[in-house]
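Trainee: Based on these hints, arrange chain B on the given structure of chain A.
Residue numbers (my numbering), protein chains in the order written: chain A, 1 to 425; chain B, 1 to 425.
Be careful, since some hints might not be right.
What the hints assert, rightly or not - Mimicking SDA-like on lysine to any residue, the simulated pairs with C-alpha atoms at most 25 Å apart in a straight line are:
1) A:K307 with B:L415
2) A:K384 with A:G278
3) B:K307 with B:G39
4) B:K412 with A:D319
5) B:K373 with B:V306
6) A:K307 with A:P40
7) A:K412 with B:D195
8) A:K261 with A:I58
9) A:K412 with B:P305
10) B:K412 with A:D170
11) A:K412 with B:E208
12) A:K412 with B:D319
13) B:K307 with A:S414
14) B:K307 with B:L287
Since the hints were derived computationally from the structure, they do not count as laboratory data.
In case you want the letters, here they are:
There are 2 protein chains.
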Amino acid sequence: MTSTVNAPAATSPARALVCRGCGAEFPLAAQHACFECFGPLEVAYDQAALARVTREQIEAGPQNIWRYAALLPAGQDPSTRVSLDPGLTPLVSAPGLAAELGLRAPLWVKDDSANPTHSFKDRVVSVALTAARGLGFTRFACASTGNLANSVAAHAARAGVPSIVFIPGDLEQGKVITTAVYGGDLVAIDGSYDDVNRLCSELVETDEFEDTAFVNVNVRPYYAEGSKTLGYEVAEQLGWRIPEQVVIPMASGELLTKVDKAFTELVEIGLVEAPANGWTVFGAQSLGCNPIAVALHGDTDTIVPVKPTGIAKSLNIGDPAAGLYALEAVRRTGGWMDYADDDEIREGIRLLARTTGVFAETAGGVTVAVLKKLVESGKLDPEKETVVFNTGEGLKTLDAVAGLVGPTYRIKPSLRGARDAGLLG
Amino acid sequence: MTSTVNAPAATSPARALVCRGCGAEFPLAAQHACFECFGPLEVAYDQAALARVTREQIEAGPQNIWRYAALLPAGQDPSTRVSLDPGLTPLVSAPGLAAELGLRAPLWVKDDSANPTHSFKDRVVSVALTAARGLGFTRFACASTGNLANSVAAHAARAGVPSIVFIPGDLEQGKVITTAVYGGDLVAIDGSYDDVNRLCSELVETDEFEDTAFVNVNVRPYYAEGSKTLGYEVAEQLGWRIPEQVVIPMASGELLTKVDKAFTELVEIGLVEAPANGWTVFGAQSLGCNPIAVALHGDTDTIVPVKPTGIAKSLNIGDPAAGLYALEAVRRTGGWMDYADDDEIREGIRLLARTTGVFAETAGGVTVAVLKKLVESGKLDPEKETVVFNTGEGLKTLDAVAGLVGPTYRIKPSLRGARDAGLLG
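Excised from the complex, chain A in its bound form (with noise of 0.2 Å):
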């Protein structure tokens, strides 16, 4: 680290797609899968690039996620980001959720709602198309569960590009009505989330689809670089500095292993210092839908997929692609999961908008109800500070906690009115 300010990277610091299985190396392409092994592939980096990059020029760059272009696989050149700008979400501090759950170190929620459709995929799909974009694509398109059905539409709708997005048929209609106003395809499909992703990887294949860029299916290695900034802002947010504690949501599990992967990296080329002890990651899931953290309960590294219910829907992949690197990473780092039923997750989102004023998305109810959980069971430290990850806006699922608020009082509009329901004493 140094305090000259250099200038931002023109080029990719991006090196090869390299596969997690067996490690073999490809170019960068629209690639997902090994050639070898069929393995995932992930997007490796030239480490002497990164290593330039400085806290100086980062805190010059744009208050959004291209701050961190020079540790990205695409964006440096401003001229052809696919972008709405998401990223620098508040990281609010809460006292009062630490108090009510035990908690005696700083507790602090990274809330992801503040993205400009509402959850974390803005950032994911602002590299993923931007990343297409050069790749050569002109229509863009997704499986979704969702929130990246909504963020896709709306990237594609801002840069002018046609969409085609792919849900399953029983979405929660925000979400629904979320993508369709922007106008583009949307296909809703007689099935579950994992029944449209294996569609998608067939149409990918096909050459109406050559032209088609699906987010998370052919440029999924740098769909999921995009999480990364979300570890890159909680350090830089804390005064660059990484929390001994993190708390986050697992649906394809690659969340947690991204913003693992950031922190490694921001001591790796020197940005940050690690926690004396190193940092800790735990994984948070619903009952309707816990496959990943029943293979850590059963210690094993057989990850059964599941057909999910229940209503934290964004969190609904039966099958996550990611579960194995999001075990290792949680091993590691001397973690934990554990996964919260449909009542838990009502009383996680009402308890945090009642102590920070942050209203969640079901997968929001699930981390706290799962944090709530770590805390009692002792696998969480309450001694050591904390973050949790919200990433999901709750007007988005609205239905969940509709039956359990509404007005207190209901009165005439009079003082008659107001003396006879007791608030005049």
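Mentor: Chain B only, in chain A's frame:
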């Protein structure tokens, strides 16, 4: 304007409350009407204090409204702020919308749906509650059409202060839940917003509410000043320039007057130069609640209150407190007002979403629909740079477009299903 970075002002630049009617002055307290003539009060500033503010001082401030604290009546000391830290919302370039409407100069959307509770109300509430706490109040309240309720309840939750929010009984469910979830008291009133507002004006005089700050009643002068930050931000985000034309939705009419006031202040204190021919302010209402626009069209200062109808509930103030001042600003700057019916509002929402990726609530639909009318009628100059204000989030008024948008295809989860739907040529 100097290039020296000054320390932030430690004290408020506010000097007094001054009557907008007769000009009488009063000390800075919890007072909203003139003791002489019952006219509305406004915050007046020490112009010398404002004139010491520099661009550099502002640019060195936080990434939210408090960067303008030296131009506001409260919050100079960060430790005193009651705030979700709203502001610095995106100023979105909208070339696609400009092209569809036939505008040949730059068009921008100031997107205040990006605030913490997703409306511009977070700005006014942060300023009002910060002032209120400084004045000794220990409970926060408001009369609201929804967005304000969300914001007050969320601010109170973050600050750990009790709240009591009064809403009309017929509000959209989204806005009800998004207030109730924060756990404060929520009083639904059988009546219109104007009924709710009148009751609050009565309650504020009772002993039982003497500890209670009604953000838009007894601390209204401070509250209203928060809207200035929208004007400051637009100017700063344009590189310290004032746009030639602005189109602003009107409920009470206060937002419009405060954006105009912000521009005026910036010029007076030397932070920006006015455009060569000044700026022009346009106001937008709905057909269901158009008393200010009707007065303008009738060339009168007599604003006849209406009983509001229509889907743009967040603008449904039938007896607009600042209507007269909105008329003054629009006439003085050579602007105009118009109004849109419900179908035009819905189309405005879709047009904005399709061309910019911004999903607005009905109020944003009103403003875009009126922008379209103003272009078509020749009232707005297509050769001049224009900023249109979106003040709220589409997720809060999903019902408005629920019947109009949805999946464009519904298929079985197979290539055959895709082929049958025509997705494979």
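Trainee: When the hints from earlier in the document are held up against this structure, which numbers fail?
Mentor: Those not satisfied: there are none.
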